[in-house]
Every structure is written in structure tokens, then in C-alpha cells.
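Peer 1: Okay, here's what each chain looks like letter by letter:
Number of protein chains: 2
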Amino acid sequence: MARVGTDYSFKPPRFFLDNQPLTFFDRRQPMEVESLSCNPNNGACPTLGELLKRVGDANGDDTPTHQVLEMEDSEPRSLPLPFVLSFTNLTYSVKTRRKMSFPTCFRWKNNRLGASADPVEQSENNNYSNTKILLNDISGEARDGEILAVLGASGSGKSTLIDALANRIAKGSLKGSTTLNGEPLESRLLKVISAYVMQDDLLFPMLTVEETLMFSAEFRLPRSLSKSKKKARVQALIDQLGLRNAAKTVIGDEGHRGVSGGERRRVSIGTDIIHDPIILFLDEPTSGLDSTSAFMVVKVLQRIAQSGSIVIMSIHQPSYRIIGLLDRMIFLSRGQTVYSGSPSSLPPFFAEFGHPIPENENRTEFALDLIRELEGSPGGTKALVEFNKSNRNLPRNDDPDRQGLLSLKDAISASISRGKLVSGTTNNDSNPTSTVSTFANPFWVEVAVLSRRSVTNTRRMPELFGIRLGAILVTGFILATMFYHLDNSPKGIQERLGFFAFAMSTIFYTCADALPVFLQERYVFMRETAYNAYRRSSYVLSHSIVVIPSLIFLSFAFAATTFWAVGLDGGAKGFFFFFGTIMAAFWAGSSFVTFLSGVVSHVMLGYTVVVAILAYFLLFSGFFITRDRIPVYWLWFHYISLVKYPYEGVLQNEFDDSTKCFVRGVQMFDNTPLEVVPTAMKVKLLKTLSSSLGVNITSTTCVTTGADILMQQGVTDLSKWNCLWITIAWGFFFRILFYFSLLLGSKNKRR
Amino acid sequence: MARVGTDYSFKPPRFFLDNQPLTFFDRRQPMEVESLSCNPNNGACPTLGELLKRVGDANGDDTPTHQVLEMEDSEPRSLPLPFVLSFTNLTYSVKTRRKMSFPTCFRWKNNRLGASADPVEQSENNNYSNTKILLNDISGEARDGEILAVLGASGSGKSTLIDALANRIAKGSLKGSTTLNGEPLESRLLKVISAYVMQDDLLFPMLTVEETLMFSAEFRLPRSLSKSKKKARVQALIDQLGLRNAAKTVIGDEGHRGVSGGERRRVSIGTDIIHDPIILFLDEPTSGLDSTSAFMVVKVLQRIAQSGSIVIMSIHQPSYRIIGLLDRMIFLSRGQTVYSGSPSSLPPFFAEFGHPIPENENRTEFALDLIRELEGSPGGTKALVEFNKSNRNLPRNDDPDRQGLLSLKDAISASISRGKLVSGTTNNDSNPTSTVSTFANPFWVEVAVLSRRSVTNTRRMPELFGIRLGAILVTGFILATMFYHLDNSPKGIQERLGFFAFAMSTIFYTCADALPVFLQERYVFMRETAYNAYRRSSYVLSHSIVVIPSLIFLSFAFAATTFWAVGLDGGAKGFFFFFGTIMAAFWAGSSFVTFLSGVVSHVMLGYTVVVAILAYFLLFSGFFITRDRIPVYWLWFHYISLVKYPYEGVLQNEFDDSTKCFVRGVQMFDNTPLEVVPTAMKVKLLKTLSSSLGVNITSTTCVTTGADILMQQGVTDLSKWNCLWITIAWGFFFRILFYFSLLLGSKNKRR
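Those protein sequence lines, which keep their order, are chains G and C. Numbering of the first sequence is given in my numbering, commencing with residue 250 and proceeding in unit increments. Numbering of the second sequence is given in my numbering, commencing with residue 250 and proceeding in unit increments.
These are computed hints drawn from the structure, not numbers from a lab. There may be inaccurate statements among the hints.
Identical copies go unnamed one by one, so any copy, or any two together, can satisfy a pair.
[Stated by the list, open to error] The calculated lysine-lysine pairs, modelled on DSS-like cross-linking and capped at a C-alpha distance of 27 Å, are:
hint, residue 1, residue 2
1, K497, K381
2, K969, K424
3, K933, K480
4, K909, K936
5, K740, K909
6, K658, K969
7, K909, K969
8, K548, K497
9, K822, K497
10, K931, K740
11, K440, K476
12, K424, K381
13, K658, K497
With the hints as constraints, model all of the structure from the sequences given.
Peer 2: Encoded structure:
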């Protein structure tokens, strides 16, 4: 296959991109950074930090913008190609199983995360019952400076091929080899020098384009790079992506007007290429965009390729103008290559195959339709597959281009010295993997940046917090008026118990409202950690820290609304314990919901599960049935009931004052069969009892103190402070579980 | 503007549609139904029923398939055009308001229903603060046999123009006129002779393609048409839509494999054109489809047009081959016409305007890009708008074609006699509106068909019912083991109360799980009733009937699991009342959730609201705080609490046996301060009491019967049967509210 990267015959005559002229970064233009390139033979390269510093000095720190990207190589284009990604005989098959059928609203949305379900299975009839071949002996190569596009109908294996190249398929399942400059690609190295852009735009809706990219820069660029360098990189990227006009606009979502779909897609790409990767994979980057936006996205990809990257993408239906930007194409049909070559070779290929493309017709449309037609015919695409194989004039490994290639390590070093791959720090280790570190920043920096981002995003959506506060205040108001100034009578005791049980449950239920937000954030998290933007532990810690201020506020609002209105006991000290327990309950509840958001991927399912579990927690809390009456085989559930601990804590806070009396004299007959007896008779009864028991009980004698009530309710196993600590501990426990759920749940690979 | 319907120069050389040859319905081919055409001058047309019967006789009832559609006119194509839809100076503007910003998960999804938000506002900057002109003086015409496509960028007003023509904009707001054959189009007539296909495919996922179309036929074709005729119409439509291979496949959803996206779109179109409308409006029928599927959809539209309909659609990005199928195009830019004419006139138009379209370039892509470029330039598209106006060679009203047109009534009659518009029944009234009736079927037929469809769909998704049954059985099992064999002691009484309160709440909460299904169905309902497929009342009744069998089953499962295990009272009679009350609670709960699904459009919001309201219902039911202790200002909430009635019902069922004893002798001191006294002392106390009260109380004397407990709990205002009837009545009440919510909520028009 001849190189076609410089075949511009398909370029449409006009470009415009948000009406600003396109500034190309011409690789041929020499720059004054020659002194920075390292000697490929002895490996004596300066570190990336050093390199960037010297570049900065050369440019002068007062002119920081638009420079970082323009550090180009000083060699003319005809010298050995720095990077060639080759893949040979890739074959991947899966065992088909009967799909579990679940109702729509309860389905896991795994597909959002890119590792989608078997595509061929979706379109093909279920003729083969056991094994499905998703990729069948696919070979090809991609070079830096070029765009390789994978085309085909839905289910032809486009995304599977991208996943295979991006090392998103578990090692055992994929046969064949992928090499970069002739050397096998280690998973860890690939992760650092490449980026994978998912089909969905998973971004924080309330950050501006500039902020989004800046946060990405803070995560993925090393700390050795100064803040002004990072800003410069972001500004250069904004120009490269054609986002100058939208830089100060928020991303937006359904409820907030933001940037357009095409701009959002370009921001997504930007967040993934902030470190200027050597290989860029994209899964259908133009899906869902109109023709102009799609063209601009691919135009941006061309510019990225021309800055010295390999761009590999799947594309469904490229328009005429987009085809003009592609350098190589691979057409897939049911996992097999039916065409591989440049767009310009397409007409002679199909003409020779006996199906000439009519003039004036879009050649890819024609090709895709012809392939579809063949797929439906008895012989299938077999003839075309064979024809394509025989048509490859040169066996890959004898490619003369290959001879002059740099070794992988040297190529990476050379590329870094030209300003690529801003994320790693170079060192002189001979193992190319270790020339770049796994995370760009230390733990505490990640926590700080994550927290800052989360606070910024949350503060721009005050209505979310408003809704939660409103719910708390409404429930607080209803409870306060419903249980207004409870008296110290047997019925009042029962009502206090009811109030505490209901209040504690409400707190937990309110936490469930945050589930959709957590789930949305989780998708961003999955995207970012898939390529090591930050540690999972930083995320868990930052997530925990950020939630606390709002919990304090909500707890105070609830405690202040209800404590005095209901007439709870303990004065200021009692109030603060009540407030503290509510806060602990909010903390435990929010940790529980956070943990669930890490386990359950769908909002409706998560909400249903939370509501059901909380209902059972309430049932086993000791309110409906006291501990001493719970059947032995359910006692374990009583002890894992999250509601038990704050409930018993506030109960003890209310009733542990031994001087306070709840049943006095004749009130003792309330709620017993003797309640209906006239008071005079009750007093007489009291006297009789006194003489029988040998204790003097008058109308004012206290017969039931708080301690008696606690005894009756079986609240005897823990002190009130222990209840508080245990509630808080539950919160930490679920945060730790959340961390493990993220560790286990974010394996972003196919099996 | 010259007629271009017969300009086939753009036809691509090859067609294939699921690999079956296309069978065109040639309008020129005469048929043996000439005797059926009515005399346009005296209006003496037979009724549709008569017409169809005679056609049936002619064809013979034993050859029912593929005939209905082929009843073509006997006149050659050159005779007067039956239908010309003209629109003149359409102008529509809206007052802009600041959008309410709501968090994503709580937003109403009104957009799904087609009457979408102001499109220009979305893309334009907010320069004008008061009025936005969405359509600015748009004129044009569409003829039967042709496809009129409206093109433009997002926000150019495409959908608004379609809405304006389809009478989906409130009368006062839209200026200008729309006429059919020169006569103004009445709203009611338009609704009957036209169809509007929304962008979303709102179909029942578990029905096959054939079933979906057959149900549509049963709704929209008159009862006078025999079942075999309806079947024939469906079979003809399946062929016309190219769905023969998919006919027996279910539609499918995320959880069930079904037909492809393109096939689903064609089924959507099919359900709307089952009655063979004269005018067909489509909002972006190709959006979200790949190029081949999109082409096949437009190919189908061409066939529909050629069968004698006017097809008007908006389209975003037509491929080369699709352009070949279009007869007329209107390009919009910010609500103004920038081009109007045939695809073939596009190159000379732009050449004359000074921007010739380069050879080999897709002309619409070029035009759209040029328009976009002009929009960004200082002068805007003004020059192009003016150029387009001056370019219209003929003023519309002097169009010579117009002279030979039939009157609207005659044209409709003629069209019906040729087999179009299968839905109406003709009569000899001179008012064209009354030649077609509002609903095709009587009330009871609609109810029967709706119920049948709903049952079919539900039965194919047994997992949905399985999940609800599982939830009920798990909760039943937990309650049964938790409250296993409650004893008749004071604590046992309290636990019984807890059991009943928890059980009744569970029943209501379980109903909330059906919310997503109801919401999904509601979208289908909105689509179908928008064009009078059936009465809203039929839907409400059928919805109520269909839900009952599953409620009986769930109620029985819950009652049987818990009644004997907990040790409830009343034997078989008691069980049946318990079972009946649970069923009533399920009925009321499901009606309540159904009503909410009619008011709230978003699943998460609905679920949150249901959970919150049910929590308050439980709080006010009388369990947490008895009726006599509820503050006066909250008593009203106690009486509207849905949980109160079934809760009090089962309480009375349990405690109304006056011979049953719950507290006997010394048990009377349980839950009082005297509980801790030794039994011997208690017996002594009893004796003392006996003598004081003058009643003989021994260790076995009953001191508290069920009646006493009911008194204590304040359950005295209603008999148990009244509780049951009131619960059932609540169910009916919410069903009626549901009906009104549908009446008010389905106004599908812009203001």
C-alpha cells in the first residue's frame, strides 16, 4: 500500500472554522529548539521538565500563549518516519450467551463507557450458537501525521478494532500482534503515550471550556511544569481545537445552555489530548454531529495528526468533505477487511472488482452500500475479502520504509524533545516504559485539584443544593408542626419514638436524591481514570471532603427546625448532640448512597435499591419491633441496620435524663384497660397499690423515667456516644467500600 | 417555479431495499373500479363503506392481500392535479423569556413530543431581548406525488415550518395562510386527512412489526372495513415500507433485540399512514439513521407520495442519493427562505448568485455551508434572501396549473374513491369536514383493542411482573419471619400495629416501581391520540382493566405469605378481608402512580415525588400519631392519607373480634412501671384492684379486647367495610384525575 498522506486531491476548496482562519502548524517549518533534541544513540536526553523549561526560556515567559504546540522537529518530512503502528492478523472471538433480558429502566448502562457489547451479534441473525468472530485476521498500519479511519456498517467490528488497538481487550482473548516501530506495545507504555476518546461527552456541565481544559492540564501535566506553561498549553489547545470563541462558555446540559454539540465533542477530545499523546484513538468522534460540526472535528483531528500523532478513528458515514481529510481507510464487514487503502484508490479498486463507482456518487456511500448488498447475497463478501487480500501489492514486513525507523525508545525521546507527550518525565532508563511516570501529580495535589473542580461545578448549580435543602426544610416543618410540643405522657413517649424513627429515615432518604449527581460524576471519573488522570484514592478522598460543608448546613437546618418545636430535651447540650447525630446520619447516608453509585450504574435501579434497603433498615432499627423481641435469626440485620445507631443515639439523648419524668401518678393507667376509669377512682387505686407494694405512690410521684423507657425499648446495648461514633464509622466504612467498588468496577476492558 | 416532480435526472443508478425488488404502484395503470368514482359535479359519492365493499366484491374476498393500496385512479397523470397545498407569508414569532434552569434529572422531557422549544433561541446569541422571529414571511407549495424537503442548519426554523403547516401552532400566533386546493384548511379536516410523524419512535417494544401495524389498523380504520381488508391493508403497507423480512420480528428495546433503527423508523411511519393520509408531515425522519437506512426511509416516502400523497419533511443532512429523491426544497436560514426550488435548479441559482458550486461537491452540503458562512458575515443572508425573492419567476396565484384544480371536497372524494384515506366514512354533506368522522371506531372497540394490545405487550415482558412479584414475596417473607406468630400481649399489639403500617406502606411503594412503564406507555399514547387514533377515555378504561389481573395475583401472594405466618385473626373470613384490603390498596396505589405518570413527565422526578408523598401518607396515617392527637391544622392531611384507610381496615379486621383477648390478668402491667414487679405480687395487686373497682379480675380475666385497642388507636370513625370501599373509591378517583391530566396535558401545540 502506497503512502497517501500527501495526496490532497480530495481537499475541498474552502475551509472555515467558526469564521476564523485556520492556522496550521507546519511540521516543515524549523524552530530554534535544535539544541534541545537529544542524541538518540547514547540516550542522553534531558528530562521533560528541563526541556520545557529551556523552551520557556527561549520563548520568554511573558509571551506564553500559542507556543507550546509549535515546538516542531527540525528535520524535513522526508527523514525516517518517527512512528509506525502495525497490527497483524488481529483475531478476536467471543462465546455467545443468551442475553439476560431486563426491563429497560433497570438495565446497566455499560455501553456509555465504551467497552460496548458485542457489535456483530446485534445485527446478525443468531445462526452460530457458540462462537462469534468479531475480528477476523485484520492487518494494517497507521503512521504519524495521518488519519486512519475504520469504516463499516453498525456491527461490522469498527469499535472492536479500535478497542483491540487501544488495548481495551483482555490479553488472552485477542490473537495477533500490535507493534509500534516494530517493537511490541506494552500495555503500560501504551496507556501513557496514547489517548482514547469515547463516543460520549462526559464533562462537568457547569465548567467553562477553558476551565475544563485547565483542570485536565492540572491532572495530566507534571507538577514540574509551571502554572503559566500549563495555561499556555491550554490556550494553544483552544486554538488548535477552534474553540477560541467558546472558551468562556460553560459546557452546559439539558437545563443550562452551553456550547454546541460539535464544540462539546472538541472539548472532549481536548481533555484527552492535553498531554499531546503520540497515538490518539477515537470511537465515532463525529456521531450525532451535523455535517459542518463533524467536518470541523475531523479537521481538528487532521491538525493533531499533523502535529506528529497517529490518529485512528472509527467513522460511520463520512461526508464528502471528511473523506478528503482521511489518509487511510479500512472497510470492515462482519469482522473482515474488505478494503484497505487510501480514499483515492477506492474507485480503481472497485472498478477492478467489477463494480465501478458511478461518477458523481459519494464513493464511501457506494462502497458501504455495495458491501451491505454483498452481505445479503448468498456468497457474502468472501469474493471481496479475497480480492482485497490479493490486491495488497506489498507484504507489510518488507516495507522499505520500515528500514529507516528509529527504535521505539529513541522515537519517543525524539518526540518528547519536539514537545510531544507533555505528561511524562523523561529519564535515562533504557526501558521505554519507565521514561514516563504513571501519574503526573502527587496524591495531595490531585485531591486539591479534584476538590476545587467539584466545588466550582457544584457552586454553579445552586438549584441542586436548593432542592435538597427544600426537601429537608419541608419535612422538618411538617414534623415540627405535627409533633408540636409533645407532652410527657405515655402517648407522648410513643410519639417521640415515632418522631425519631421518622426523622432518621427521612435523613437517609434525602441522601438518595444525590444519586443521579453521583452517577453522572462517576462517568467522568471512569473516563478520566481510564488513562491515569489521577488516583482513585484521590477521587474518593476529595469526594468525601467536598460533601461535608453541605451536610453541616443541611443537618443544622433540620435540627434547628425540629428540636425546639417538638420540645426535645437536653437544652443546648442536647441540641448539639441531636445536631451531631443528624450530621453523622447524613454522613453515613451519603457514604452509603455514594457506595451504591459505585456499584449500580443505572439511576432508577439505584433509587429502587436505596429505597428498599432503607425501608428494611427502618424495619429492623428497633422501632417497629424492639431488640429483645426480634427473632434470633434476624438479629444480625438489626445490627447492620444503619438506622439503628442514630435512632438509638437520639433516643438516649432524649431519655437519659434520670430526673425527668414521663409518667406521673395516675398517668400510669394511660394506655391500659384502666384508662377509662374516672380520675378519682384512679387516685384511689394508686393508694391501694401503694399499700400493697409498700411504696408511697401519689398523683405526682414519678413512675416512669427516661431510663425506664430506654429499658422498655431495648436501647441498652450502646451508650449514646458509641451510637454516634458507630454511625460515623459506618460512613467511613462505606467510603472504603466505594473505593474498592471503583477499583473493581472500572476495568474498562472487554473479556 | 416550474414543476419538477418528473425531473428524474438525480436518480441514482441502483436501488435495493432489503434485497427485494421494489414494486412500484404505478398511478397510470388503469383499474376496474371506474364505476366507483363519483361525479364531482353533483357530489353524489357512495360512502367509503360502500366503496370498499364493492371493491372487495370485485377483487373477491379470497384474495385479500396486496390489493387495497393498488386501487389507483383511472385518469392519466396529466389531468388536473388533485391536491396542491399552498402556504403564503407564514410568519411566527415568540416572546423570549429567561429559561428556568433545573438540574438535569428533574427536567421535563417535553421535547420528546415534537412540540419542541424555540429552535432559533438555541443557536443564536441572545441579542434581541424581546421578540424572536422564528418564521419570516415563508411562502411555497407542495403537490401530491412529490416530496417537499425543508433544509437548514439546526435552529433555522425547519421544525417550526413543519409545525406551522401541520397546524401544530396555536391559531393566534401564526400569521399568513395555508390553503389546500385554494380553500383554507380547517383544523379538524387537516387532522383527519393528514398524518404527522414525530422524530422519536414511540412504539410498544414487545409487539412485532406486523402486530404494531395491525393494531394501528384496528384503531384508525373504520369498523365497516372487514378484518380481512384491514389485514390486506397491513400486508400492503408492509411491502410498501419494505418491511417484509422484519414483519415477524418484535420492535425491541435496550433489553430485547428487535428490528434495526431504520426499520423501526419505517414502522413508525407506517403506524401513522395506516389510513393512507393525503398529507404526510415528517420531522427529521432520517435523523439518527445511517446513510443506507436513511435512503430507504426516503425511498419509502417517495413511494407514499407517488401513491397520491403530499409528503413534507424536514431533513438535516441529506446524502447525495436522498437528494435524488426530493422534488422540491426549501432552504431556511434564521426563519427566512434562502432558496426554494428543485434540487436541479440549485447549481444555476448559486452560480447566478456568484457562488458556483464546484463540480463533484455535494450541492446541499455546499449550500448549507455557504448559508452558514453568510450568517456569520456582517451582511448576513440578506442578499441571498433578496436574490431568492427576485428569482421567483411567477407570482403564485396566477399559476396556470391552479385553474384546473378540483374543489377541495371533490378532490377528497375523488381521492377516497381511489382508495386513499381509509379512515373516514363518506357522506353527502356539503361540508368537507364532515365527510370524515373524528374517530374510526366506537368506544368499546377501542377499549377492547387497547386492552388486547397492552396484554400482548405485557405478556412478552414477564420479567417486569417478575420483579414486582419478587419484591412483594421478599418483603412478605421478611415480614412473615420478622413478625412470626405474634403473641397476644401488649407488646404483640404494638408489633401488630407496626406490621400493618409497614405492610400497607410496602404495597404503595411497590406500585411506584411501575412508574417507568406507565411513562413509556404515555408517550405512545400522546403520539396516537394526537391524531385521533382513539379516545382518551378508552385508554383510561383499558389501562384500568388491564392492571387488575396482576394486582389480584400480587395481593394474593402477599396475603398468603403473611396472614398465617404472622398469626392474624379471623380465619378464612379474616383472610379474605385482608386479601381484599390489600387488593384495594394495590388498586388505589396503582391508580395514584398512574395519575402521577400523567402529571410528571420525568421518571426520577416522579419517583422522588411518589416516595415523598407516600412517606407523608404514612406519617399521617394514624400509626405514628393517633387521630385524636393529630394537631387540628393537620387533620385534613390525615383524611387524605391514602394509607389511613387500608391501615384502619386491616386493624379492624384484626381487632374487631370482641371475644378475643389481648391482655389478660397480670399482662395488664406490661409496658407500665409495674412490669418489673414479681408475678406473685402482680396477682396480689390484681386482687386489690378487683376489690377497689368492685369487679372480679383474676389472672385469666380479659382486661383488653380488640375493641379497646381500636379505641386507643383512634380507629373509630369508619367501619372496616367502609375503609375498604373508600380505598377502592380513591382508586377510581385517581383514575378520573388521570383522565383529566391526559385531557389537559396532551395539548400538542406551540403557543
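Peer 1: Is it within a copy, between copies, both, or neither that the alpha carbon of K440 lies no farther than 27 Å from that of K476?
Peer 2: So K440 and K476 pass the 27 Å test inside one copy only (25 Å; across, 63 Å).
Peer 1: Measure nothing new, just compare the shortest in-copy and cross-copy C-alpha distances for K658 and K497 to 27 Å and report within, between, both or neither.
Peer 2: Neither way: K658 and K497 sit 39 Å apart in one copy and 58 Å across, limit 27 Å.
Peer 1: Between K909 and K936, at a C-alpha cutoff of 27 Å, which is it: within one copy, between copies, both, or neither?
Peer 2: Answer is within; shortest intra-copy Cα gap is 23 Å, inter-copy 31 Å.
Peer 1: At most 27 Å between CA atoms: does that hold for K969 and K424 within a copy, between copies, both, or neither?
Peer 2: Answer is neither; intra-copy 61 Å and inter-copy 72 Å both fail.
Peer 1: Pop the pair K931 and K740 into one bin, within, between, both or neither, using alpha-carbon distances up to 27 Å.
Peer 2: Classified as both: same-chain Cα gap 18 Å, cross-chain 23 Å, threshold 27 Å.
Peer 1: Evaluate K424 and K381 at a C-alpha cut-off of 27 Å and name the case that applies: within, between, both or neither.
Peer 2: For K424 and K381, only the intra-copy Cα distance (14 Å) is at most 27 Å; the inter-copy one is 59 Å.
Peer 1: Within, between, both or neither: how does the pair K822, K497 come out at a Cα-Cα threshold of 27 Å?
Peer 2: This pair counts as neither: shortest intra-copy Cα distance 49 Å, inter-copy 72 Å.
Peer 1: Tell me, please, which holds for K909 and K969 at an alpha-carbon limit of 27 Å: within, between, both or neither?
Peer 2: within (17 Å within a copy, 40 Å between copies)
Peer 1: Measure nothing new, just compare the shortest in-copy and cross-copy C-alpha distances for K497 and K381 to 27 Å and report within, between, both or neither.
Peer 2: Answer is between: at 25 Å across copies they meet the 27 Å cutoff, but 48 Å inside does not.
Peer 1: Using 27 Å as the alpha-carbon threshold, which applies to K658 and K969: within, between, both, or neither?
Peer 2: neither (63 Å within a copy, 85 Å between copies)
Peer 1: Within a copy, between copies, both or neither: which one fits K740 and K909 at a CA-CA cutoff of 27 Å?
Peer 2: both (16 Å within a copy, 24 Å between copies)
Peer 1: Please work out whether the CA atoms of K548 and K497 approach to 27 Å or closer within one copy, between two copies, in both situations, or in neither?
Peer 2: Classified as within; 22 Å inside a copy, 44 Å across copies.
This entry does not satisfy hints 2, 3, 6, 9 and 13, going by the numbered hints stated previously.
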